[in-house]
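Chains as they are written, first to last, in the numbering used here: chain A, 65 to 448; chain B, 65 to 448; chain C, 65 to 448; chain D, 65 to 448.
Everything labelled a hint here was simulated from the structure, so no lab data went into it. Just so it is clear, the structure is predicted and the values come from calculations on it, not from any experiment. Beta carbons: idealized from backbone N, C-alpha and C, even for Gly. You can trust all of the hints, since none of them are fake.
Straight-line C-alpha distance at most 35 Å; calculated DSBU-like pairs for lysine-lysine: (1) 261/C with 324/B; (2) 324/D with 261/A; (3) 68/D with 127/B; (4) 127/B with 159/A; (5) 66/A with 66/C; (6) 159/B with 261/D; (7) 68/A with 68/C; (8) 127/D with 127/A; (9) 159/A with 127/C; (10) 324/B with 68/A; (11) 261/C with 159/A.
To be clear about the criterion: a stretch of chain B counts as covered by chain D if any three or more of its residues have a C-beta under 8 Å from a C-beta of chain D, and this derived list gives those stretches: (12) 122-131; (13) 138-151.
Coverage of chain D stretches by chain C, computed from C-beta distances (three or more under 8 Å per stretch; other residues unrestricted): (14) 143-150; (15) 160-174; (16) 178-185; (17) 206-218; (18) 221-231; (19) 435-446.
Number of protein chains: 4
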Amino acid sequence: MKRKVCVVVTARPSYSRVRSALRAIVEHPELELQLVVAASALLERYGIVADVIEQDGFEITAKVYMVIEGENLVTSAKSAGLGLVELATVFDNLKPDVVVTIADRYETLGTAVAASYMNIPVAHIQGGEVTGSIDEKVRHAVTKLSNLHFVSTELAGKNVIRMGEEPSTVFVTGCPSIDLAAEMMEQPELDFDPFTKYGGVGPPLEIDRSYLVVLQHPVTTEYHEAFEHANQTLGAIRDLAMPTLWFWPNVDAGSDGTSKALRMFRENEQPSYVHWFRNVLPDDFLRLALNASCMVGNSSVAIRECSFLGVPAVNVGTRQIGRERGLNVVDVDYDQKAIAEAIRERVYSGRGAPDLTYGDGQAGSRIAKHLAECELQIEKRLRY
Amino acid sequence: MKRKVCVVVTARPSYSRVRSALRAIVEHPELELQLVVAASALLERYGIVADVIEQDGFEITAKVYMVIEGENLVTSAKSAGLGLVELATVFDNLKPDVVVTIADRYETLGTAVAASYMNIPVAHIQGGEVTGSIDEKVRHAVTKLSNLHFVSTELAGKNVIRMGEEPSTVFVTGCPSIDLAAEMMEQPELDFDPFTKYGGVGPPLEIDRSYLVVLQHPVTTEYHEAFEHANQTLGAIRDLAMPTLWFWPNVDAGSDGTSKALRMFRENEQPSYVHWFRNVLPDDFLRLALNASCMVGNSSVAIRECSFLGVPAVNVGTRQIGRERGLNVVDVDYDQKAIAEAIRERVYSGRGAPDLTYGDGQAGSRIAKHLAECELQIEKRLRY
Amino acid sequence: MKRKVCVVVTARPSYSRVRSALRAIVEHPELELQLVVAASALLERYGIVADVIEQDGFEITAKVYMVIEGENLVTSAKSAGLGLVELATVFDNLKPDVVVTIADRYETLGTAVAASYMNIPVAHIQGGEVTGSIDEKVRHAVTKLSNLHFVSTELAGKNVIRMGEEPSTVFVTGCPSIDLAAEMMEQPELDFDPFTKYGGVGPPLEIDRSYLVVLQHPVTTEYHEAFEHANQTLGAIRDLAMPTLWFWPNVDAGSDGTSKALRMFRENEQPSYVHWFRNVLPDDFLRLALNASCMVGNSSVAIRECSFLGVPAVNVGTRQIGRERGLNVVDVDYDQKAIAEAIRERVYSGRGAPDLTYGDGQAGSRIAKHLAECELQIEKRLRY
Amino acid sequence: MKRKVCVVVTARPSYSRVRSALRAIVEHPELELQLVVAASALLERYGIVADVIEQDGFEITAKVYMVIEGENLVTSAKSAGLGLVELATVFDNLKPDVVVTIADRYETLGTAVAASYMNIPVAHIQGGEVTGSIDEKVRHAVTKLSNLHFVSTELAGKNVIRMGEEPSTVFVTGCPSIDLAAEMMEQPELDFDPFTKYGGVGPPLEIDRSYLVVLQHPVTTEYHEAFEHANQTLGAIRDLAMPTLWFWPNVDAGSDGTSKALRMFRENEQPSYVHWFRNVLPDDFLRLALNASCMVGNSSVAIRECSFLGVPAVNVGTRQIGRERGLNVVDVDYDQKAIAEAIRERVYSGRGAPDLTYGDGQAGSRIAKHLAECELQIEKRLRY
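Model the full structure from these sequences, guided by the hints.
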């Protein structure tokens, strides 16, 4: 009988990180995929990822609305709790053999706790990395609840083992997000017009020669500063006045601060050089990054996919502190001037060589293989 | 202004483990106690711990019913989720400066997650120990969510640091449960009649000379075997036919299996040598253990308090695997014969010398002092 | 395409009331049954009704644990809320054309609210009756949320219309619980030995000639009096000392008061004339009632099925105030002496003629027919 | 000892409807106000009503986030359920003598159920009116759960009694929303500039001579048509091209359809004659309505306050069907042409005489008086 692998997708970036693994699970003869779509992946505000998933040919087994409105710290906690309550019912009705949880968003802890408490083995993708902020707590807590660890880098694997996990349960598969990037490198050209395809706000821009891509998330534990942080990057972009594609951040405590900064800038400056997008398809976003002169902000795409792709990147602020990075990345503080200078320098340096720190493009199929072949067990014990 | 310390008590054993710390917090001039009583601590089935708490002179700030009935793995997960949802609201209304969570019961993770997500520093009591079963996952996940670690033993402290925690946040305070034991050693005699005071089921026993105390919890991840496990210990007690005080276990997935074994034994054997108790006050339970010839089962009291008290103990099965122990403990499998033999040997050997592995009786006041004086911060990062 | 009819069963008595309708729905060529089993129907404490349902040949579509432990008024409210949260997810995944809710238990309101808010037509069985206590509020609130009303009696139908419902949506089908009774009348003999089949507590009794059946639920809004109420009936039974089969009540706020009275009576009196049962199959319970000399307590079975069966009944206290009744019923207060006298008189009078107030045994098939043929709509408006 | 009156405010319009009653409760010597603010009253998207409440001098006793994001029918149900779960805990900790719930929003049912199940008397403001859509179900279900009925009109009172409520529990107090209007009539002039005070989107308009106020909510049970409905009214406004103040609707299933229509109109037409506002203070909104040439849409303000104020109104579509209305209102279908014509006619007819159908401005103090003096009881029974 096939092993039932239940994957819970709760957000746009989680989906794009796990898509190649989903495909490999569906194609594996000894695995059956149970796909649960929940949280912001169901919300219009963030692009209905559920629809994208179905367009990609996956069948959704169950949907669970679980985001409690407020976008603050209280509602993050409550949303995770509601997810835990309802995912337990879902798992009880689906009876999976293993549950897969992804990365470190606040809701992922609900998935890991529900499965753990129900004696279902938990497999975690992207554990062992070091960043900071609440993601740090979530990621390592999920590691302690997990029985299988599919890590992206050698260092992440070492970290997971250092935390007391059994080495035979830790697999350096590379990050499945690199799989998509690797596929794209075969035909890297920008093959669509983002202004026609996505609309968005602002004038159409001339992006044939050179453009920036900006994506800056609020940093959860610095809630009140989200507004100011966004303003520094906005200021840098104003100083440079290069063609800029700015992408709206995810749902998270603080995103209202960020949103406000973006809206005020737009209304006050009415800039001719910025175009704002929401809810771009993950492939299209990656292709836009791949062809950019520089990626700006604090998205992990700048550090993961862009290092593999060789795209120059300016990483702003604390969100990615501690995460391994390739030579493509320069780090700067929340400082308008420093950001502007770093972008200028990066654009000047140009495209670099691919870096395999985060994987070689085969993560998805490795994960599926391990899920099919690994011994699945729930008992574990701190190992030193 | 005083620091507001919010302690969430969710069960009878958690309360007795934290009582000396609660007292020290109340008495500390720079601390204000916010006491939240929740989960099985509100339920009649387990003795209404909330009432005991008020009789002990503490004021309860809020009560939260959160146990979803079913006593199985699904409802454990859902209960933790409901707790997370509601504790977030409670913390939002109380605005504590630090939240204290205790040990490793399934609901404690809800407390730690709620506080973490709300950027409230989390202090964890009894982290770093090694046991097995779901408690193991919960305990270490709580460590990864916590900012302050009040551990019971040197080894536990080392384990917490090995998991990547900052050494300056780890304090070997000893276990506050030992504080109560230390106090009791000053007047160790049995000063009440348990049959008169608690009723219970079964004939009154002659306990002046020698008696056994049994407390055996179901082991969560071996749900279906709970019935059989209980039967082995029951068989050993039948073979010995010594006066035995048997205490009903906690709420937990599997406790219905255990309950069934106890009920069937009682009805079939109608033993003259066993008396069954529920919901004995923590102090009285400890005093009964202190005067016992041997403590039997898998309660951590046998390992912690009894090692300090020098009371012989027979630890049955896997629940305490990996936990440090003193010379008072002998380990046996779920095997009627082995259990009976081990009890015989232990009773023969008699009382041992106190062992300070789990503390010297000052844990509560140390915890209060650290809570008052420590720098409280929420940001952390894996440290290697 | 078949109409999808979702029935939510939350308790033992609800199941037995709706079983004939479930069967008729399954057999109807234009209907598809979606059966959701939830709340106390999943709990061991009340007999796992889910297992009975499967043994009866029904397939369960989804299970939802939703009873929050505490058996008090706070947890009744919270359980209904949790049910509402989770049933919404279930309905969202099942997409029924109509949802059927039964009678007036506190959880049924969750079913009716979830369906109403999701624009799914709601059909209510057993509306329009008058009783008192919280059931009264729940029953009529469910009527106001419902689009189809399958009532048991002519008077109930009139009441529903008086409350402003459109007459064309009100169907006097009779009560489906009578269907089972009608079937049983074809072979009414007691065809099993309850002591062998169910065990229970107490000595086996001589029931060949004459026996009493007692079932007394706590009355929710008189929580603190539940203990005393139970004691009056217990006293009456002691005075009569007739062979008595006493059935344990349902989960409800207050049932701990009742339980305590039953346990104390058992331990203090050790009566030779009472045998206690839990979780008897609905058919077996009804057959035991059918052959009893008198039914005692406040169960609606005494008023509904027993009136059809002609079994004498003594109804104690306020729980059934306002409900229509046949000539089989005598009402008494919570008063030991009055209860004893009424039982004596009823036993003396003996079996009466069947009474069709609550139906003729065809309710289930009528309900299925209407569900298949009615226009299903969600819009409604107070009609006067 | 003062009676503790707990009022749960869940939305902007509920607050403005109940404010005069809140004030009267605070001022009454025998009442103590417990004010719970929940649901959309805490959300930035709808203007943080909690802040307005505090600026008005009320103290908030507890806050509860309970809106589950999605703005669809599933999440309406889940939000009500979460509210029920958490309000039960709040009531358990606050122990009110009576709970007041307002009107017919989907969350109000959670308030009424929690209080009913906990044996707390429920007082309902604005019961007995007839409208249609889901509000209709909610309003009458709340009536069946309530013990005291403070209705706005004579007819509403009759309806409540016809539904089987005891006449002595029904009080025609008038609607407290009229109290505010009555106060404002003393100094009716527009005393602020809405463009300066609220910003909003669109050009500042010339409103000295004549202007329209538009507020059109999506109708829940016609979810998919919300977009089209909004477009008809937008079309009418385009045809008239009069200065128009358009107010953004509440959170509700379907508001995303409405929002989309508004956004598309704005972007495509860039109209010089419309200005868009969000989150205007209730007093300011009312003052703008009071001075308008015509109120357009489906807000109940057009029917209640505007009838008292004599302001002409065009009511669009089904949302207010069945509600009593004064001579100020003309009803039209969702039809661009009909809407435009009706507005033209109403503007031409001009201001009418005050109409006392919905009250005389003393509702708040009457409600407080009854809350202080009424017998509070929980038991009720259908009365015919």
